[in-house]
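> Given next are the chains, with one letter for each unit.
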Amino acid sequence: MLAYIIRRLLYAIPILIGVNLITFALFFVVNTPDDVARVHLGDKYLNEEAVANWKAARGYDKPLIYNADASGIDKFQETIFFEKSAKLFAFDFGAADDGRDIGYDIRQRMWPSLAIAIPSLIIGLLINITVAMMLAFFRASYIDIAGVIAGVTLMSISSMFYIIGGQYLISKSLHLVPISGYDEGLSAIKFLVLPIIVGLISGIGSGTRWYRTIFLEEINCDYVRTARAKGLFESVVLFKHVLKNAMIPILTGVVVILPSIFMGSLVTESFFGIPGLGSYVIDAIRAQDFAIVRAMVFLGSVLYIIGLILTDISYTLVDPRVRLG
Amino acid sequence: MIAGLISACEMQQWNNPYPDEESGKNILYSSFAARPKHLDPAQSYSSNEVQFTAQIYEPPLQYHYLKRPYQLEPLAAEWVPVPIYYDAQGNELDEGAEASLVAKAVYEIKIKPGIHYQPHPAFVRTGTQDEEHFLYHDLNNKQLGDIDVLGDFAQTASRELTAADYVYQIKRLAHPKIHSPIFGLMIEYIDGLFDYSKELGKQLEADDKAWIDLRNHELSGVEIIDRYTYRITLKAKYPQFQYWLAMPFFAPIPWEVDRFYTQPGLTKKNITLDWYPVGTGPYMLTVNNPNRQMILERNPNFRGEAYPSEGEPGDKAAGLLVDAGKTMPFIDKVVFSLEKEGIPYWNKFLQGYYDSSGVASDSFDQAVNISGGGDATLTSEMTGRGIDLLTTVATSTYYGGFNMLDPVVGGYSERARLLRRAIAIALDYEEFISIFNNGRGIPGQGPIPPGIFGHEEAINPYVYESVDGRPQRKSIEAARALLAQAGYPDGVDEKSGEPLLLYYDTAAVGPEAKATLDWWRKQFRKLNLQLVIRSTDYNRFQQKMRDGKAQIFSWGWNADYPDPENFLFLLYGPNKKAELNGENAANYINKEFDALFEDMKNLANGPERASVIKEMIDIARKDGPWLWGFHPKVFSLQHAWLKNTKPADVANNTLKYKRVDPVLRDARRAEWNSPILWPLYLIISLLAIVITPAFIAYKKRQRASALSSASPSRSERGAI
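From first to last, the protein sequence lines are chains A and B.
With the numbering used here, the residue at position 51 of the first sequence is 51, and numbering never jumps.
So the number in the numbering used here is just where the residue sits in the second sequence, counting from 1, plus 1000.
Worth flagging that the hints you see were computed from the coordinates, not collected in a lab.
Treat the hints loosely; a few may be bogus.
Partner residues aside, some chain B positions facing chain A, computed with beta carbon under 10 Å [what the hints assert, rightly or not]:
hint, residue
1, Pro1017
2, Lys1268
3, Ser1337
4, Asn1528
For lysine-lysine, the following DSSO-like pairs were computed, each having C-alpha atoms within a straight-line distance of at most 27 Å [what the hints assert, rightly or not]:
hint, chain 1, residue 1, chain 2, residue 2
5, A, Lys44, B, Lys1591
6, B, Lys1633, A, Lys44
7, B, Lys1633, B, Lys1522
8, B, Lys1549, A, Lys44
9, B, Lys1025, B, Lys1333
10, B, Lys1544, A, Lys55
11, A, Lys240, A, Lys230
Estimated spans, in silico, between C-beta atoms of each pair [stated by the list, open to error]:
hint, chain 1, residue 1, chain 2, residue 2, range
12, B, Glu1160, A, Phe27, 44 to 50 Å
13, A, Ile73, B, Lys1198, 32 to 38 Å
14, A, Gly42, B, Asn1091, 37 to 43 Å
15, B, Arg1521, A, Tyr142, 50 to 56 Å
16, B, Gly1372, A, Phe27, 48 to 54 Å
17, B, Arg1303, A, Asp74, 55 to 61 Å
18, B, His1137, A, Ala90, 28 to 34 Å
19, A, Gly185, B, Lys1326, 37 to 43 Å
20, B, Ser1046, A, Leu10, 43 to 49 Å
21, B, Lys1198, A, Leu10, 49 to 55 Å
22, B, Asn1048, A, Leu26, 25 to 31 Å
23, B, Ala1640, A, Arg107, 41 to 47 Å
24, B, Ile1691, A, Thr153, 18 to 24 Å
A virtual CB, placed ideally from N, CA and C, is assigned to each residue, including glycine.
All chains should be built: construct the whole structure from the sequences, respecting the hints.
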């Protein structure tokens, strides 16, 4: 398995270079280094010399990707792309365009994102799997039909509706929790309740529909018929045998997102005033801060790759037939 | 679950976003929508930054809080400095000397003794009297290991403000690594500033990480006279310079602070002057987590300042002089919470968790009624909560503009003038204000907004006519007639026989901009003109403006200072945007106007200056490089427990004047926010009603035979 993991990590290097290159190209197609400088320096009383100084101070005065004036390997090294990208592979994210250390900010802001994402994931999984299992248990009954209709209805509603509706109902009308904000330690709980509830409700439709489908596929397998033939209760059949065998597709969906949950949610964090990494990315895009955008895209890619590797490893844990070679 | 979690928090109001221990405290609650980019006074220029920096830093001057028009008064200075002018031979000139004769203008500023900085680790000294050094100026890795935020430093100290600190900050404006936004402007005036920047640049070439002790580098335009006096020498007459002395750019920075923050280990931990400002003002920033909250607390070393004893007529009746003569600041702590979205912000204000609020378009109808006469009053919901409405006209102008370099709409021929006038009449800004600004604006008769000297009350005769003493936009028939005179009868170019096609350049894109852009098209259709919208992203639009490639555009300007020069320079030829990168976005050039501008900017406010301004506005109206747009009105709401609030668009250090009544606030919050629990019980009951039959059915199925379960019916198979 170790050889497999090493091989997958090596495969990741060209992928990350490619991701970095695409991010770089997309960013600088829209924003020239001059544009970035102007955004940071403001519009008033701005002259070309100030723009040039700002670019020089942050290394944006070099050619984008190929330096024709340099010689040898410097043709590629004396460029914005190389200087801004090479250190990423050592997880040195450098400084944002306003001078702040990006690594420090990421370490600070990952916790609020996790504070929402982890409970949302765990409670969501429990609810979705339980409800899906119950729907499978009552398959083809009125309960199942009602559950399917409710699931499709919940899936069809925009997440924005849940957020605004939740804020209106729970915070504004019933005065049960703060409408937005964040605090540290246990004081954060009162701010997390609403975003977590909103996240759970908005995800329950798609989650239960997905897991119900998985369970219904398993229910028609031979081993289930055998278990029933042995006289096992239906609940035992479902929760012991079906659930265990349905773990592979469930793991596919869950483990792959595990590392990236700390990247945060863009919309939820913005609406609830949660100072996580999701809002960090949004702020950076608005401020045209390429250094942060690049770092976060790179980090997201790394985490996604790790998620995929973890998924493969988890297969071997839940299905003894799977061997990684 | 909600009830359980919340009751664990033991709160008085469950939706209270603040800690319970803050109840009854003398705290003001406010918000901010975006992280301030800079808090270093040499760099900070945005309005969302100055709401913090203005409370912390003390430049020599400030604006009187209550008097209008705005008046400068001393802040850290003993008095408002009067410039002394000299000619090229060094002879002193009188105050009204012609600008062309003035070779230098000298401002001698004397600051008040006994002003002290807020407590800060940069000032902590240690060692014996003979070998005294600063405890935190050479931090090693071990010391840095225990430091994450500024509050982690065990010791703080202070020292008295001196003139040298002001001089140090002016030198910082030229520091190549600081990129001060006013450096480009100030090199035109402060003697030697440009060369000073070059000198520092050379030193940085040798080691760009090293701290440069600016005390060792002399700047010819700034000198220390004595401990409390310094002198600024300008290369020309620039009466508006005194307004800059009321901005944080000219606030003091002690060399110790600069030295302290230049340590690389602190920069790596994001402990910089941009993050932790150091000042002598009434407040100091004690928490800077702009991802969540920023907190200003009373500076224990603040000397105290008396609340003004006089103001405008009506201020006394408005209760703005109740605290006259009392020592400020009144509030102990100001909590700013990050609030990016309008809905939570507005609802928190209504719940009493913010003490004041703006009025967004989404909530305008809920808050404000506009009468037929255009007067704004609060809705019964707002008055029922004891909320007050404050309105003021912003010292800003939003206008449509013609690129005067454009071959069709630009230029100074009669044909082009008539075309521009016709469009100016057709573009109904009264309608625009009504639709898109909820009536919050005054159509512009000229570039200078109300409240600024030189504001033109008389109507623009090229666009309006007087009906019953009130300005009324000329009829569309008049505009069509002008269009025909210009050679475009019914929107067709007489010369080519082709319909006239015009272009509106804008950075507005997406569905949100559709209504506005449709409005623009509709205005031109009144003249049978086809308007093509050239939407692009913000960067491309700015580039187009810098290149002089736009045709018709919208633009705006917020005043830096309350002087007509700061608006009229938007039409000053040498200030054009194309090629010269100035603020004259229309690239308007009129020699007569420019000559008058040169005179006007050096005159003191008075009849002569008013006359020159009127002449200038008449010229601009005749040429019509602008569509004249509107001056926005600012509406703000405040709860009954917030006192001493007067809109002050130009003055920013206003927190020290404000006062809150925390007892009233607590009472209102309790009244407005008691939790409503019956829906929770209802939901639990409903869940029980739903789950009970499901549970019965579950038990029933459990008892069913395995055989029946193993043979799903046709419908069951189809349920997948």
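> Would you mind marking each hint as holding or not holding in the structure?
How the hints compare with the structure:
For B:Pro1017, the shortest C-beta to C-beta distance to chain A is roughly 4 Å, which falls under 10 Å, so the interface hint holds. Nearest Cβ of chain A to the Cβ of B:Lys1268: about 6 Å, under the 10 Å cut. The hint holds. Taken as an interface hint, B:Ser1337 checks out: its beta carbon lies about 6 Å from the nearest beta carbon of chain A, inside 10 Å. Given the 10 Å rule on beta carbons, the hint for B:Asn1528 is violated: about 36 Å separates it from the nearest Cβ of chain A.
This hinted pair checks out: A:Lys44 and B:Lys1591 have alpha carbons roughly 24 Å apart, not beyond 27 Å. For the suggested pair B:Lys1633 and A:Lys44, the alpha carbons sit about 22 Å apart, so the restraint of at most 27 Å is met. The hinted pair formed by B:Lys1633 and B:Lys1522 meets the criterion: a straight-line CA distance of about 25 Å does not exceed 27 Å. Note on B:Lys1549 and A:Lys44: the hinted pairing holds, with a Cα-Cα distance of about 20 Å set against a maximum of 27 Å.
The suggested pairing of B:Lys1025 with B:Lys1333 holds, with an alpha-carbon distance near 9 Å, which does not exceed 27 Å. Restraint check for B:Lys1544 and A:Lys55: satisfied, since their Cα atoms lie roughly 21 Å apart, inside the 27 Å limit. A distance of roughly 14 Å separates the Cα atoms of A:Lys240 and A:Lys230; the hinted pair therefore holds under the 27 Å criterion. Remark: the range hint 44 to 50 Å for B:Glu1160 to A:Phe27 is upheld by a beta-carbon distance near 49 Å.
At about 34 Å, the CB distance of A:Ile73 to B:Lys1198 agrees with the hint of 32 to 38 Å. Take A:Gly42 and B:Asn1091: their Cβ atoms lie about 40 Å apart, and the range 37 to 43 Å holds. Roughly 55 Å separates the CB atoms of B:Arg1521 and A:Tyr142, a value that falls within the hinted 50 to 56 Å. The hinted window of 48 to 54 Å between B:Gly1372 and A:Phe27 holds, with their beta carbons roughly 52 Å apart.
A hinted range of 55 to 61 Å for the beta carbons of B:Arg1303 and A:Asp74 is consistent with their spacing of about 58 Å. Look at B:His1137 against A:Ala90: about 31 Å separates their beta carbons, and that is inside 28 to 34 Å. Roughly 38 Å separates the CB atoms of A:Gly185 and B:Lys1326, a value that falls within the hinted 37 to 43 Å. One distance hint, 43 to 49 Å for the beta-carbon pair B:Ser1046 and A:Leu10, holds here, with the actual separation near 46 Å.
One distance hint, 49 to 55 Å for the beta-carbon pair B:Lys1198 and A:Leu10, holds here, with the actual separation near 50 Å. Between B:Asn1048 and A:Leu26 the CB atoms are about 28 Å apart, so this pair conforms to the stated range of 25 to 31 Å. For B:Ala1640 and A:Arg107, the Cβ-Cβ distance of about 43 Å falls inside the hinted range of 41 to 47 Å, so the restraint holds. For the pair B:Ile1691 and A:Thr153, the supplied restraint of 18 to 24 Å holds, since their beta-carbon distance comes to about 19 Å.
Checked against the numbered hints given earlier, the structure breaks only hint 4 and satisfies all the rest.
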